[in-house]
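Make the full structure from the sequences, and use the hints.
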Amino acid sequence: MIRWIYFLILVLLAVVVQTSVVPVVWFRTPLGYVGPELLAAVAVFVALHVRSRVEAALAGWTLGFAIDLTLSGPGMGLASLLYMAASVGVYQLREAVFHERASLQFILSLLFCLFVYELWTLWGLLSGHLSRPVAGGQAVLAAGLAVYTAVLTPLVCRVLKPFQKLLIATPPGRGRR
Amino acid sequence: MRLRAKPSKGWVLGGLCLLSAALMVLPGSRWLARAARPVLVPLSALGMNVPVSVWTRMDEIAGRDRARPDRRVAELRRLLLAQQEVIDRQRRRMEVLSGWRSKLKGFKCRLIEASVIGAEAVPLQDRRLLDAGSSRKVAPGDLVTTRRLVHERDIALPEGLLVLGRNYLVGRVVDCAAFSATLQLVTDRSFEMPALLWRLVGPGQQRTIYTQGPNGARRKVVVRHDGRGPAMHAVGEPILVKAQGNGRWVVLRDVPAEYGVRRGDLLTSAGSLQFIPFGLRIGQVVRTERSKREPHFVTVYVEPFADLGRLSDVYIIQPVSP
Numbered sequence: 232m233i234r235w236i237y238f239l240i241l242v243l244l245a246v247v248v249q250t251s252v253v254p255v256v257w258f259r260t261p262l263g264y265v266g267p268e269l270l271a272a273v274a275v276f277v278a279l280h281v282r283s284r285v286e287a288a289l290a291g292w293t294l295g296f297a298i299d300l301t302l303s304g305p306g307m308g309l310a311s312l313l314y315m316a317a318s319v320g321v322y323q324l325r326e327a328v329f330h331e332r333a334s335l336q337f338i339l340s341l342l343f344c345l346f347v348y349e350l351w352t353l354w355g356l357l358s359g360h361l362s363r364p365v366a367g368g369q370a371v372l373a374a375g376l377a378v379y380t381a382v383l384t385p386l387v388c389r390v391l392k393p394f395q396k397l398l399i400a401t402p403p404g405r406g407r408r
Numbered sequence: 002m003r004l005r006a007k008p009s010k011g012w013v014l015g016g017l018c019l020l021s022a023a024l025m026v027l028p029g030s031r032w033l034a035r036a037a038r039p040v041l042v043p044l045s046a047l048g049m050n051v052p053v054s055v056w057t058r059m060d061e062i063a064g065r066d067r068a069r070p071d072r073r074v075a076e077l078r079r080l081l082l083a084q085q086e087v088i089d090r091q092r093r094r095m096e097v098l099s100g101w102r103s104k105l106k107g108f109k110c111r112l113i114e115a116s117v118i119g120a121e122a123v124p125l126q127d128r129r130l131l132d133a134g135s136s137r138k139v140a141p142g143d144l145v146t147t148r149r150l151v152h153e154r155d156i157a158l159p160e161g162l163l164v165l166g167r168n169y170l171v172g173r174v175v176d177c178a179a180f181s182a183t184l185q186l187v188t189d190r191s192f193e194m195p196a197l198l199w200r201l202v203g204p205g206q207q208r209t210i211y212t213q214g215p216n217g218a219r220r221k222v223v224v225r226h227d228g229r230g231p232a233m234h235a236v237g238e239p240i241l242v243k244a245q246g247n248g249r250w251v252v253l254r255d256v257p258a259e260y261g262v263r264r265g266d267l268l269t270s271a272g273s274l275q276f277i278p279f280g281l282r283i284g285q286v287v288r289t290e291r292s293k294r295e296p297h298f299v300t301v302y303v304e305p306f307a308d309l310g311r312l313s314d315v316y317i318i319q320p321v322s323p
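So the protein lines, in turn, are chains A and B.
Here this note's numbering is used: the first residue of the first sequence is 232, the next is one more, and so on.
Here this note's numbering is used: the first residue of the second sequence is 2, the next is one more, and so on.
Keep in mind that the hints were calculated from the coordinates and are not lab data.
It should be emphasised that the depicted structure is a prediction, and the values quoted were computed from it without experimental measurement.
Quick reminder that beta carbons are idealized off the backbone N, C-alpha and C, glycines included.
Heads up, some of the hints might be wrong.
Said to hold, decoys possible - Dumping the calculated BS3-like pairs for lysine-lysine here, alpha-carbon to alpha-carbon at most 27 angstroms:
1. Lys10/B x Lys396/A
2. Lys243/B x Lys293/B
3. Lys10/B x Lys392/A
Unchecked claim - Each pair of labels, with its calculated beta carbon distance range:
4. Arg219/B x Leu350/A: 50 to 58 angstroms
5. Arg254/B x Glu326/A: 44 to 52 angstroms
6. Ser362/A x Val26/B: 34 to 42 angstroms
7. Arg291/B x Phe394/A: 52 to 60 angstroms
8. Leu357/A x Ala23/B: 13 to 21 angstroms
9. Thr57/B x Gly367/A: 46 to 54 angstroms
10. Val287/B x Phe258/A: 27 to 35 angstroms
11. Ile240/A x Arg294/B: 49 to 57 angstroms
Claimed, not checked - Sample of chain B residues lacking proximity to chain A, with all beta carbon distances greater than 12 angstroms (derived):
12. Pro257
13. Gly265
14. Arg311
Structure (structure tokens):
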């Protein structure tokens, strides 16, 4: 069960670090900036460790909503829905695999970000907020973002691991997976 | 029938999904994001101290100023300052002669100092969060100018605000909350504004331009640098273009190839617009590309003068009605 107070503090911290410190590690490409997305890495960590699908979805929604709150322009609410769906996807996939491996965290994070940001770009295109060339460039950048985030996700998971019990309560009498 | 005192997580989730869907379709749902800003802004401002300290320390170690260490840019800057002095002198003389001075005194502008306190969480848009908002009368969609221009020139700014980093145009305010505003950088993909492209010629250089003769016919003119100083000159009439961000550069599409735009030419805001004063420097041409569809047109790529990746202090100019 998620301990919501601690989880919300983590979300706030992640948003602050993402908007202020993380831009230092963005790098420029001919298409624009590519940078990691810390909240996606947190969502993957939580989805890998929560006990139910609904909790994974709730945590994903919360993280996505935090992203929504920091963005400007149209599309408010979209990130929360996409994060929620992606978190459920990660939760489902984890059942098939051992979740402490860095390579798995990498792959799940990559899929998570590709799902969220490619669909986000597609939504921008379909809703007319992005022109076709702009959406094309953004789709490539989103792929870069996914790879960058995936590379950093094992590190984020490692940092969060000592706080796992603080964030996610283990019901008494149940062992770890 | 037993009523549940507490809704299940599934119901909560369903409600949140409905909320998200409603936010997506309802117009003006951004107010929620604006309402959350007062919490985020002070924390982001604290967090922003980390990269700013890192950059400052790196600059100290490297022994350089924060300004771009580009010799040509420095040279261009000297030229523009020299040109500006000449223009100022002429303008002052004209004002004295025509009595405009007394009229211009009635115009007032307020300089709002602001800091960049963060970027958007997702780097797919080139936008920054500023720590000045509607509580300081900042408004979205308004204009950008420099502190220098406002201090040295007695020019009125009609309605609208501008945001500047150092002396360069860096973008405009697109969204405004009570204590913060979103700055859209000139390189953002949705950024679009009219601009002027100035063709320059340096010492010992010449370039061919086409001008309109008295009878309306076009004629070819070769212009040389006057050799009076090391600074570059603008030659011919500036070209009115539409500047658009592409994520990396400012791009000017469909510029007629006959203008012969080349590397080093200067992009400024369009002086013809009522609300943008003349001479706001945006950037410098870094390359041109012939259009594949239309060989008579070129696409021009401009690199902004301001180091947008490390933007920390900006100035929002607020016009005050006389």
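Okay, the hints, checked on the actual structure:
| no. | hint | verdict |
| --- | --- | --- |
| 1 | Lys10/B x Lys396/A | 21 angstroms, holds |
| 2 | Lys243/B x Lys293/B | 19 angstroms, holds |
| 3 | Lys10/B x Lys392/A | 25 angstroms, holds |
| 4 | Arg219/B x Leu350/A: 50 to 58 angstroms | 52 angstroms, holds |
| 5 | Arg254/B x Glu326/A: 44 to 52 angstroms | 50 angstroms, holds |
| 6 | Ser362/A x Val26/B: 34 to 42 angstroms | 22 angstroms, violated |
| 7 | Arg291/B x Phe394/A: 52 to 60 angstroms | 57 angstroms, holds |
| 8 | Leu357/A x Ala23/B: 13 to 21 angstroms | 19 angstroms, holds |
| 9 | Thr57/B x Gly367/A: 46 to 54 angstroms | 38 angstroms, violated |
| 10 | Val287/B x Phe258/A: 27 to 35 angstroms | 18 angstroms, violated |
| 11 | Ile240/A x Arg294/B: 49 to 57 angstroms | 54 angstroms, holds |
| 12 | Pro257 | 21 angstroms, holds |
| 13 | Gly265 | 20 angstroms, holds |
| 14 | Arg311 | 9 angstroms, violated |
This entry does not satisfy hints 6, 9, 10 and 14, going by the numbered hints stated previously.
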